Each structure stands twice: as C-alpha cells, then as structure tokens.
Amino acid sequence: MRELICINCPRGCRLKVDDDLNVTGNFCPRGVIYAKNELTHPVRTLTSTVKVQSNLERRLPVKSSEPLPKEKVFDAVKELDNVEMKAPVHIGDVVIANVCNTGVNIVATKNIEK
Amino acid sequence: MIHHRLVIIGGGSAGMAAAVKAYELGEKDILILEKNNYLGGILNQCIHNGFGLHEFKEELTGPEFMSRFSKQVNELGIKYRLNANVLSVTKEKVVTYSSEEDGLVSVQADAIILTTGCYERNAGAIQIAGDRPVGVYTAGQAQLYLNCYGYLVGKKVFILGSGDIGLIMARRMTLEGAKVLGVAELMPYSAGLNRNIVQCLQDFNIPLYLSHTVKEVRGKNRVEKVIIAKVDEKMQFIPETEMEFDCDTLLLSVGLIPNNDLFNNLGIKFSKTRGAMVNQDMETEIPGIFSAGNVLHVHDLVDYVVSEAREAAVGAVKYLNKTTKHAGFAYEIKQGYGIGYVVPQVLNIDDASEKVSLKFRVVKPFKDIVINIKEGERLIKKIIKPAIVPSEMEIVYLPKELFQKEDKVITVSVEEKK
Amino acid sequence: MFDVIVVGAGCVGALVARKLSSYQLNVLVLEKENDVGNATSMANSAIVHSGYDPVPGTLKAKFNVLGNKMYPELCKDLDVHFEKIGSMTVALYDEQLPMLKELAERSKLNGVEVRLLSKEEVLALEPNINPEVKGALLAPTAGIVNPFTLVVHAMENAVDQGVELHLNEVVENIKPNKEGFEVITSKGKYETKVVINCAGIYGDKIHSMVEPIDYNIKARKGQYFVLDHYAKGLVNHVIFPLPSEKGKGILVSPTTSGNYIVGPSSEWSDDKDQVSCDKATLDNVRAQAQAMVPSIPFNQVIRIFAGNRPTPSTHDFVIGPSKEYPNFINASGIESPGLVSSPAIAEYIVDNCVSKVLTLAKKEKWSGKVRPRVHLSEMNEEERNALIQKDHRYGRIICNCEKVTYGEILDELSRSVPPHSVKALKKRTRAGFGKCQGGFCQPLVIQILAEHYGVKFSEINYDKLGSEICKYSTKGEEK
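Residue numbers (the numbering used here), protein chains in the order written: chain A, 19 to 132; chain B, 137 to 554; chain C, 84 to 562.
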C-alpha cells in the first residue's frame with residue numbers, strides 16, 4: 019500500500035494505492051490517473067521561460083503542452099536555454115516541438131505583440 | 137471633471153472580472169485604472185500552472201488565465217488606462233490618478249470598485265534579527281526578477297515560510313540552476329498547498345522544517361549564513377536546536393497583506409482581514425464604494441478572486457441602478473470559535489441575492505469537525521468537514537430563505553467532536 | 084596639491100565641505116562608502132535636539148544650541164525637510180518630577196527655552212501618552228529633519244561650488260610632509276595642506292595615522308523600529324523619557340516623511356561596521372516605548388534598523404587641531420547630538436581652525452543654495468498637472484507606496500551628487516521606502532539606474548560595491 023498526495027488540483031487528495039494499482043481516496047477520476055502514473059512512470063507539467071526579442075519583455079513564459087516524464091524535466095529546461103523567440107508570439111505557439119524526444123511540445127503561454 | 141459611472145481601480149484579474157461582469161449586466165460606462173503598463177497584475181509573473189480549475193475547468197498558467205480576461209475586456213471595448221496610478225479616492229467618489237500621457241486627472245465616479253490586490257509581508261514587517269545584508273527578498277520579488285527579467289537573485293537559497301509563492305519559487309529557482317537548501321515554517325503545518333509540497337519540494341528533495349524559523353541572518357555585504365531554530369508551542373526558540381545554512385539568499389514567503397492605501401483616508405472601518413469591512417455586495421461602509429479580491433482579503437485561488445469580483449460588480453450595478461435599499465434587516469456576521477475571519481461582516485438581507493456567500497478561514501488545522509452557522513442560537517447550516525486547514529479559504533452559499541430575521545447576529549464557528 | 088582634504092562625507096564632512104566651498108580653496112572629500120551620509124548620518128533618530136540635555140559647558144552643549152538655531156535657514160537653503168515640532172520629556176512617576184526640574188535648570192544654563200507641563204497639559208497636547216504621566220518638559224525648539232537629504236544636499240551644494248568628491252575611496256594612511264600631508268588611499272595618493280578628519284566612527288583610526296592618540300571611539304549601537312504612516316497622530320512631538328547615563332533614552336517621534344520612529348537602544352558593539360538587530364534588544368525598546376505611549380501599533384512596523392554612534396572615550400566631541408599639527412583638524416566622535424550640532428561644528432572648524440593655517444578668501448560668487456527640487460506633495464492639482472504637461476515624466480509613478488515619480492528620480496540622477504545604488508536613490512527620493520519595501524518598484528529602479536549609467540541590469544548594487552541585486556543572469560546571457 020502506497021500513500022500519495024494528488025497534485026492535479028489544489029484539493030490535494032490523499033490517495034491510497036494497493037499493489038494491484040487500485041486507487042482510493044480520490045475526489046475525481048484524475049486522481050486515479052495520477053496515482054497510476056506516479057507509480058509506473060511519473061510525469062510533470064513543466065513551466066518555465068525562454069528568451070524573447072521584444073520591445074516590452076525579456077522573457078516569454080512557456081509550458082509543456084502535456085506532462086513530461088519526470089526524469090526529462092531538467093533536460094527539457096536545458097533545451098529551453100538555447101531558444102530565443104521573437105515577438106509577436108501568441109499563446110499556444112510552439113516554442114520547441116517534441117522536446118527531448120518526448121513527443122511533447124513546449125508552447126508559449128503569453129501573448130507578446132511587439 | 138471627467139465622469140464615469142463605474143471606476144475600477146486595479147486591472148488585475150479581480151478588476152477585469154468585475155468590469156466584464158458589470159458590462160454584461162448592462163453597465164457600459166466603465167473605466168479601469170491600472171498602474172502598470174499591462175493588464176493582468178501579478179498573474180503575469182505567476183508562470184506556473186494550476187489556475188482556472190473552477191473558472192475554466194482546465195489548468196492554466198497565470199498569464200494564460202489573465203489573458204482570457206484581458207481578451208474579453210478588449211473585445212467588449214471596456215475602457216482602461218494603463219500607467220495610471222491612482223493617488224487618491226474621496227468619499228465623494230472622486231478618483232485622482234497620475235499618468236505620463238494624461239497628466240493628473242480627477243474622475244467623478246458614481247460607483248468605485250477597489251481591486252488593488254495585496255503586497256507581501258517583508259523582512260521589515262517580520263523583524264528578522266541579525267545583519268541586514270543584500271540577499272533577503274520576498275518570494276514574489278525573486279519571482280518577478282526570474283520570470284520577467286531573467287535573473288536569479290542568488291544561487292544558494294534558503295526559504296522562510298511555506299506559503300505557496302515560496303514553494304513555487306523553490307522549484308523555479310532549482311530548475312534555473314540554484315540550490316535550494318530548505319524551507320522553514322514557523323507553524324507545525326504548512327501554509328502552502330499539499331500539491332506544492334509534493335511537486336515543488338519533495339520532487340527536488342528539498343527539506344521542509346516545520347515549527348522552525350530564522351533566528352539570525354549573517355553576512356557583511358551579502359547574505360552568508362542563515363541560522364534557523366525550532367520553536368515551541370509559544371513560538372519561543374528551543375535551545376540547542378539551531379541549524380546553520382551557508383547561503384547567499386533568504387527568500388521570504390510569510391504572507392500577503394491587502395493593499396488598502398487608497399481607503400485609508402475614507403474613515404471606513406476595516407475588518408480582521410486588514411481589508412475593508414463590507415456587506416453582502418462587497419460594499420464598504422460608504423454606499424457605492426466596493427472592494428473585492430485580494431485587497432479585501434487574501435484568497436488562496438484566483439478563481440475565487442474572480443467570483444468575488446463578480447459579486448462586487450453585481451452590487452455596483454445594483455447600486456448604480458438604484459435598486460440597493462441599504463435598509464431593512466441588517467445582520468452582523470461574526471467569527472466564532474476556530475474561525476479567523478468571515479467575509480462579509482454585514483448582511484443586509486433585503487438587498488441580498490438569492491444565495492448569500494460566506495467566505496472564511498479557520499485559525500488552525502482541524503480534523504473531523506462540524507462548521508456551524510447560526511442565526512442567534514438557531515442553527516441555519518451545518519457543514520461536516522473531515523479535514524480543514526487555514527491555507528484554504530472556505531466558501532458556503534446559503535439560500536436567502538435560511539435567514540429568518542430573528543436575531544441580528546450570524547456566527548460561524550467550529551465544533552470539535554468530543 | 085589640495086588645500087584641504089576632508090575625510091568622510093557624513094553630515095559633518097558634507098557641511099564642512101560646503102562651508103569650505105565658499106572660500107577660494109581647492110577641496111577634496113574622500114568617502115569610503117558608495118554614497119555620502121551612509122553610516123551614522125543615515126541611521127539615527129533624525130532629531131534636531133533643542134539642547135536641554137547636554138552637560139553645560141561641554142562642546143556638545145555649545146554646538147547643539149548653536150546648531151539648533153542654524154537649522155531653519157540651513158534647511159531652507161538646502162531644500163531639506165525640517166519641522167520644528169518641539170520635544171517633550173515625560174515623567175511617568177512622581178519620583179521623576181524633581182529630575183524634570185533639574186533638567187529645566189540645565190536647559191536654562193544651556194540657553195534653551197523650555198516649559199514644564201502639568202499632567203493635564205501633557206495629555207491635552209499628546210492624548211496618546213500614558214495617562215499615568217506626571218508631567219513633562221516641553222522644548223519648543225526641537226525639531227525633526229530628513230537626515231538623508233541633509234547630507235546629500237549639503238554635499239551637492241559643495242560640489243556645485245567646486246569641491247571634488249570621491250566615493251568608494253578608503254584612506255589608508257596619512258603622512259605628514261613639509262607642506263602638509265600625503266594622503267594615501269585605496270585608489271591613489273594626494274598632497275594636501277590641511278586634513279579635516281570627519282571620519283565619524285573611524286575618527287580615532289584616521290587621527291592615529293598622524294600622531295599617537297590617548298582616546299578611542301567606540302561603536303555604541305542603537306536599534307530602531309520604523310512604523311508605517313497609518314499611525315497618524317500617534318504623537319505630535321518628539322517624546323523622550325528622562326535621560327540617563329546611557330543617553331537620552333528611547334524616543335517615539337514622527338519623521339519628516341510621516342512615519343514614526345521608535346528607538347534607539349544603546350549597546351556597545353565591537354565591530355564598527357556591524358549594524359545587526361537582535362530580538363531581546365528590540366523587545367526591550369518596544370516595552371520602554373510602550374511605557375510612554377501604550378498604543379504604538381507595532382503591527383505596523385515596516386522596518387527595523389540599527390546605527391552606530393561614534394562614542395569617544397572623552398565623553399565629548401573631538402573637535403579642533405591635533406596636538407602636533409595645527410593643519411590636521413579633527414571633527415570626529417560626533418555622537419548624539421551630532422546631527423543638530425553639525426552645521427555649527429562645520430562653521431567652527433572652518434572659521435576657527437582652518438583660518439589659522441590657511442588664508443581664507445571668500446569666493447566672489449558663491450551660493451549656499453541647491454538647485455530647487457520639485458515638491459509634488461506641496462503642489463495643488465493644477466500646478467501638478469501643469470508640471471506633467473511640461474515634463475511628462477512627472478506623471479509616471481515609479482514607487483507606488485511613496486508615489487515617487489520618474490521625473491523626480493531623473494532629476495536626482497542629473498545632480499552633482501547622484502545616486503549610484505538602489506539605496507542611494509531610496510535615500511534621496513523615498514522610492515522603496517514604503518510598506519512594500521521595494522517589492523514592486525525595485526526592478527524599475529534598477530532599470531532606470533542601469534539605463535542612466537549605461538551598465539547592465541545585473542551590475543546595479545543595492546548599496547555598497549559588490550551588493551548586486553540581480554547578480555546572476557539566466558539562459559546564458561550577460562555572463
């Protein structure tokens with residue numbers, strides 16, 4: 019039996035997972051997915067920034083479009099260091115496609131017009 | 137003098153949400169005054185995700201969340217002035233602001249909503265002993281430097297306070313190459329959300345020291361050492377529990393305070409939240425002047441900030457349309473045992489909507505309790521809670537019929553199982 | 084070859100330099116810090132004492148009373164905020180009443196106007212004083228001053244009138260020679276006819292570079308609380324307890340910026356540069372202040388700080404020529420009441436000491452005034468609007484708590500003793516002095532400084548050299 023705290027939402031449900039990956043203590047179905055992932059292949063959504071050429075901003079905030087394998091998070095951050103975007107940039111614009119061969123894109127999370 | 141029916145001070149999420157709601161209710165003559173050169177306020181620097189689960193049923197980052205509102209403000213053509221810093225607000229509802237483009241401008245408003253957010257408790261306010269070198273920052277300040285300007289304030293970091301901004305910054309600074317040595321929390325429980333303890337500390341093996349606080353900061357020019365020690369139930373240091381950390385930075389995540397400066401000269405009463413005392417419409421003691429969001433009381437989720445701002449907008453539109461009576465049966469809402477504060481503090485039941493919202497926080501964590509809401513001695517609502525913590529704000533919506541106008545005092549209190 | 088080198092740019096050094104600037108002299112001021120007025124002159128009670136307390140006949144008594152009389156005009160010329168709000172020394176016990184009378188006698192000997200107040204009179208003037216109060220000594224000539232701008236503007240005036248100022252330059256040795264002295268610093272060597280030692284807490288060290296000395300100057304630390312403006316009307320005068328051998332005691336006073344100050348403690352400090360605070364001492368300051376003014380809202384403290392008083396073992400200011408060299412002149416060990424005494428000390432040093440070793444010829448054109456500053460808070464809406472229309476930068480607020488504009492910041496940067504650090508700018512404009520303590524405006528301030536000096540954002544210091552705020556750029560930029 020493993021105990022986990024679900025990180026999907028601020029509620030932070032205390033989950034219990036047995037050896038057959040049966041999950042209890044979850045308030046919503048996302049807790050089950052989280053617990054199973056956490057015990058087999060944990061994933062995290064990455065949020066960070068990249069350099070941007072703009073009159074207004076020095077950094078463009080970005081996120082992974084899907085959660086990344088946890089062990090790839092630092093590698094992904096390293097890849098972000100080498101990227102420089104140019105305004106205009108819009109929410110959802112792909113900053114890095116298939117980051118670290120994970121199949122996940124890094125996308126912009128802010129509109130920077132100029 | 138320029139005139140606008142509704143002036144909203146502060147163009148963060150609360151201000152924008154209030155403006156959009158008021159517009160939807162038919163009030164088209166709105167002016168938002170924003171001190172920065174962008175809308176969205178503090179969410180611009182909150183690049184992490186976790187916003188909008190209630191509001192949009194999806195997990196957004198701060199900039200994404202706020203951009204949904206700024207898009208609406210722009211699409212609806214709601215007027216706003218950027219770089220417009222409000223210097224004063226009078227009882228007569230004259231709002232004076234200064235801006236490079238407009239000069240010093242006084243606006244006569246019919247109604248005002250103050251949505252100026254909050255600021256962080258800082259080193260001065262918590263009076264940390266020791267040297268006063270450079271390297272002590274609030275977590276939000278470090279967040280601004282890192283996420284918007286691209287600078288780390290230090291490379292070896294200790295964090296005081298387990299508030300969410302501090303936890304989020306532990307992860308952010310770690311990802312950007314800093315070493316976070318630990319987090320000390322004065323209380324025996326975390327002030328931040330459990331999910332952030334997991335994904336911001338445990339993921340990076342950052343220790344959390346509960347019932348510990350900073351005893352001394354040392355350093356000539358820059359922070360060199362932070363000494364923490366354990367505290368007892370009376371918050372006194374326990375001898376020989378000191379731990380030393382060699383570091384160049386101390387981040388503080390020790391709470392937020394409503395930014396109420398503009399209300400200071402109005403002669404209105406403030407509540408325990410350090411925000412204005414308000415009624416069910418988020419209206420202060422001066423009819424037509426409202427307050428919502430973190431300037432009223434510090435919220436845990438921006439989703440709730442937004443819903444409160446809408447309540448203020450509804451109140452403001454009612455006031456502008458002269459449908460608020462400001463008369464009839466008035467309740468005083470009090471916090472009883474175990475409750476830190478309740479918003480609102482006044483309930484004019486005859487002016488209330490069909491459902492009355494009460495927001496409150498407990499003073500300490502409880503398990504297996506009942507929250508009782510009483511009118512006088514009569515129980516009007518009972519909420520069973522398996523667990524409740526001060527870091528989370530509670531909201532209950534009470535149907536108007538529950539209030540019987542029998543006793544003028546409503547009390548919210550915690551009942552522990554015997 | 085300089086005529087005079089002034090060591091130290093605190094309030095004494097700056098006012099000495101200003102006074103010297105009125106004569107046809109070649110003057111250099113050497114300051115070890117990254118700004119003028121950055122040690123004792125910055126961290127004190129900011130009180131212009133009446134002179135009720137110093138022992139009659141001492142230099143402290145003499146210069147305090149003379150200095151007090153000079154303040155109104157000095158502050159007018161230098162555009163420094165000064166308010167003559169009066170001080171009240173309160174007796175909380177019947178046993179203290181005779182001491183009040185004694186103090187009144189002492190005041191008379193010092194030539195200071197005072198009045199004894201009854202309990203009722205005290206409470207009428209100061210409703211928040213402990214209702215147990217038994218009486219008080221009112222000294223109407225006491226005042227409060229902005230100590231930061233006093234030093235900056237005095238030095239600005241001096242530099243405008245031809246004095247040279249070097250910051251970040253430490254005096255390492257002073258060697259007497261035929262014509263005067265060779266002053267060796269961390270950056271170079273200078274020849275001068277006269278040295279004036281205004282080195283404050285290091286006055287003994289500087290003096291001992293030229294001759295053996297039989298006194299020392301020790302650091303006596305004072306810790307303070309600063310309260311936010313909200314406590315309006317808390318006290319209207321500078322409120323003192325009865326003085327003791329440890330000094331004038333813990334005061335409660337308004338400041339010129341509308342805040343309130345509570346302190347100082349008094350404890351010996353081995354390290355002259357160490358200005359740390361500790362809980363036990365502050366707890367004691369709090370308790371003593373509450374005994375006089377019980378309702379002080381300590382939940383509105385926005386800052387704690389400490390300063391070191393340069394306390395000489397002679398128990399009096401060290402003023403005048405050294406034993407061996409009439410052209411090595413001391414003005415050091417200037418502890419309380421130093422701020423109020425400084426203009427009188429400066430005048431004495433120049434008129435009575437420098438005049439004995441140099442021929443003083445007045446400059447034909449000399450002004451003791453600084454270029455006027457804009458005072459937005461004193462303007463009505465129309466005037467302020469007209470100013471913004473003329474110069475838009477006065478419309479842009481940088482510091483939200485203290486409502487400091489871009490225009491005011493740029494004006495300070497255009498002056499002859501401009502700020503180089505975030506703290507130096509804060510001292511001049513109050514940007515970052517408010518309740519958020521720079522939480523919101525500091526990046527803007529750094530940006531303005533970086534742009535002005537043409538340096539990188541990461542190079543801007545908070546205070547001293549090596550106190551960069553944003554030391555580390557990320558993502559491989561600006562290595």
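By construction, these hints were calculated from the structure, which means they are not laboratory data.
For clarity, every value in this text was computed on a predicted model and none was experimentally measured.
Yeah, the Cβ is synthetic: ideal placement off N, Cα and C, and Gly gets one too.
The reader is advised that the hints may include incorrect statements.
What the hints assert, rightly or not - Calculated cross-link-like contacts (lysine-lysine; reagent style DSBU-like; alpha-carbon spacing at most 30 Å):
| id | chain 1 | residue 1 | chain 2 | residue 2 |
| --- | --- | --- | --- | --- |
| 1 | C | Lys448 | B | Lys356 |
| 2 | B | Lys510 | B | Lys500 |
| 3 | A | Lys96 | C | Lys558 |
| 4 | A | Lys54 | B | Lys193 |
| 5 | B | Lys544 | B | Lys518 |
| 6 | C | Lys473 | A | Lys132 |
| 7 | B | Lys544 | A | Lys34 |
| 8 | C | Lys473 | B | Lys361 |
| 9 | A | Lys104 | C | Lys115 |
| 10 | C | Lys558 | B | Lys361 |
| 11 | B | Lys361 | C | Lys355 |
Said to hold, decoys possible - Listed next, with one range per pair, are the computed distances between beta-carbon atoms:
| id | chain 1 | residue 1 | chain 2 | residue 2 | range |
| --- | --- | --- | --- | --- | --- |
| 12 | B | Asp543 | C | Glu178 | 51 to 59 Å |
| 13 | B | Lys554 | A | Glu84 | 44 to 52 Å |
| 14 | A | Glu131 | B | Lys470 | 44 to 52 Å |
| 15 | B | Lys408 | C | His164 | 45 to 53 Å |
Stated by the list, open to error - Computed footprint of chain C on chain B, listed as stretches where at least three residues anywhere in the stretch have a Cβ under 8 Å from a Cβ of chain C:
| id | region |
| --- | --- |
| 16 | 269-278 |
| 17 | 283-289 |
Looking back at the hints listed earlier, which ones does the structure fail to meet? 1, 7, 8, 9 and 15
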